[in-house]
Amino acid sequence: MKRFYLHFFLFLLPVFIGLYFLPINTQRQFQGLKDDCEGHAIWMYDRIFENGKPVDLLFLGSSQTINGIDDGLIESSLKEYGINTLNFGYCRYGRNLHLTILKYLLKTKRPKYVVLEVRADENHYSHPIFPYLASTKDVLSATPFFNESLVNDWATHFSYKTELAQEDLYQPLLDTTQPADFGFAAARDTASYDGLKQVKERRQQKKTASQLFGRDFYLQFPRTYLKEIAQLCEQNNIQLFFLFFQIYGTPILEPLELKTYQQYGEVLLPPDSVFTNPHHWFDENHLNASGARSLSEWTAWALEKYLSN
Amino acid sequence: MIFNSITFLIFFFLFFNLYWLINNRAGINLRNTFIVLASYLFYGWWDWRFLSLIVLSSIVDYVIGWQLGKVERPRSRKYLLGLSLLVNLGVLGFFKYFNFFVASFQDLLSVFSLTVSLPVLQIILPVGISFYTFQTLSYTIDIYRRQIKPERNVFAFFAFVSFFPQLVAGPIERASQLLPQFLSKKQFDYHQSISGLRLILWGLFKKVVIADNFGVLADQCLAVEHTVSGVTTLVGTLFFALQIYADFSGYSDMAIGLARLLGFQLRKNFLTPYFSGSFTEFWRRGHISLSTWFRDYVYIPLGGSRVGDFQIYRNIFLTFVLSGLWHGAKVTFLIWGALHGVFLMIEKKIGRFLPRPIGVPLVFIMVVLLWLPFRAEQVTHLWRLTQSIFDFKNYSLGNVEQFIYAFSITRFMTLLFVFVGFWWLESRFGKNDFSEWISGRRTVFRVSIYYILLLLILFLGNFSVKPSFIYFQF
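Residue numbers (our numbering), protein chains in the order written: chain A, 1 to 309; chain B, 1 to 474.
Heads up, some of the hints might be wrong.
Unchecked claim - Computed cross-link-like contacts, SDA-like style, restricted to lysine to any residue with a CA-CA straight-line distance of at most 25 Å:
{"no.": "1", "chain 1": "B", "residue 1": "Lys185", "chain 2": "A", "residue 2": "Met1"}
{"no.": "2", "chain 1": "B", "residue 1": "Lys186", "chain 2": "A", "residue 2": "His7"}
{"no.": "3", "chain 1": "A", "residue 1": "Lys34", "chain 2": "A", "residue 2": "Ala186"}
{"no.": "4", "chain 1": "A", "residue 1": "Lys2", "chain 2": "B", "residue 2": "Arg25"}
{"no.": "5", "chain 1": "B", "residue 1": "Lys186", "chain 2": "A", "residue 2": "Arg3"}
These aren't lab readings, by the way, just hints derived from the structure by calculation.
Since this is a predicted model, take the numbers as computed values, not measurements.
Full structure from sequences and hints, please.
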């Protein structure tokens, strides 16, 4: 049997090596995600590689950032500092995607400040888009502790890589230019008060994450990526901030990982009034335009202190 | 769980290692229990509720087989056989044909202007039910005929019924050939395992490169919602013929290959049937395990060829109509089976007189055209497609060209080029499978072919279609 395993392994080795070094067309890599998160990936590609406008202040996060950070408003609030602001939120959670996006951005831009979205607790899953956007090296060397998606991410990455190679062989590149200002998505509607009330009651009764068994074990995953993001920022002279996003009705009023964040940068804790006002919500998890205005104004004010130093 | 999925890859990797560990260190019963549990996991992945049917079928046939071994009175033996047929065909009939017979009965009454509202059940067809039902049936019938002895080892019998490599789409194995293999300890054989890997590689290539690419085009050309021209129908039918052959024979190759990796030998299911010089030969070389099943358990019991001319023709026709019905509860399958029956009857009548260089392409064309009723969604769809073939005024390449451009012309041309190579290789196989054909070649040639196949799977394989095999629905 040893002979069988050895020959099988030796036979597949060149294929794995070939797949590892198989080049990826970055534009296609982002283009392939055109049906995800309303085409944000395509716009991100444009903003990083096509649009020459510099980026000084970068927001990274999930759809809460997309809906809650009005980058235009922050930019105009900080206009005396000439800060080009960019909302690079991407739907759903997963800290490893933030590192990936930051790496891409650093290929063409030199941001001075990065603001990472933080929530009541860190999400311990790999972002579903990570294996699509990350480099082969990053996917293969993803932290295994405690990464449930590791094998799935490997499989997805290599399958996507061959799909992209096939597209390179058989399909022309699509013209997928996106409008320049696409990061902030203003939600005009307001969630129903009764609905929010019920959500609040439910959330007040819910067991908090800090009480969950094995938290320290499975949070090794996001903590590893937070550390890597912090190291990358340090190497590039970027000041790192953490901006706390509450969800409506939560009893958790500061992030459970506060001490972790404080090791790497300043933690911005917006006043509760931003999140407790029911008129600020589009749904139970996302701010509407009014909420975004409130949060963005406060964020600009909070950041100004650091910019003026 | 589909063979060409990551889930199956992980499942099989774990299974393979544990299987050989158990086989080498523990007894046969423990190994067979492990096979049964893994097979149930494999099958339950679709829907765990379907497992009850396999368990029921296994229990019924185990007990009836055991009783048949003890009982000598002919009448009692007939009752026992009848009970096995009733349970197995009853389950199959209920899940597969209930709605079809209700609808057909309603249609029949409507001919006489009678309308009756009969209940139609919302039943999901359990995957591969026709395959394992036929396999277990053959076990009981063979015991009844005293061709085999009943199996006393319950673990071996349950493993025989549920053996996952061939559970959902065959080859339909005979107890006399497969069951004894569960009763012996396996020795890992390097050459047999390599031969298994070769078949898996070849099967995977056929599935993802040939079947799944031509399948996309066939689906577009023959889609119900499209207006069709004769050319689209003909080209679509040709693509479907290539798809269904590569899909099913690819599955069979993978099943045989997987079994070889575990030390089991399954029967060959395809011997390049599109190179047959007659319909009789086509059915000897295509879906062999099913056609021999119908030969042994339907055609011969009806009298086979040892009766008068009329009865022979009737037997052929009936066997093929039943074979059509086996494929599915649709009139179009009946038409497909009946037409094959008719062609075989004609062949029987006039004898084979065409030389192979003419017979092979002619039979190929006929067989391809006969896939049309098999592929049509309903009778009205079949009628529309058939009409389009004879509507010579509207012959144009229009739709086909459009579909090919949407598919990518470069991809299509590459596929055609690869297909020619594939066809040439298949034409060299004769009565061998891919593994047998390549095993005598030089190492450099063999390894080059393996890498070419792997590269084609990676760079021409169609991974965007929902992973499935056509024959799972039967």
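Results for each hint:
1. B:Lys185 - A:Met1: Holds, at roughly 16 Å.
2. B:Lys186 - A:His7: Answer holds: Lys186 of chain B to His7 of chain A is near 21 Å, not above 25 Å.
3. A:Lys34 - A:Ala186: holds, 20 Å
4. A:Lys2 - B:Arg25: holds, 17 Å
5. B:Lys186 - A:Arg3: holds, 17 Å
Checked against the numbered hints given earlier, this structure breaks none of them.
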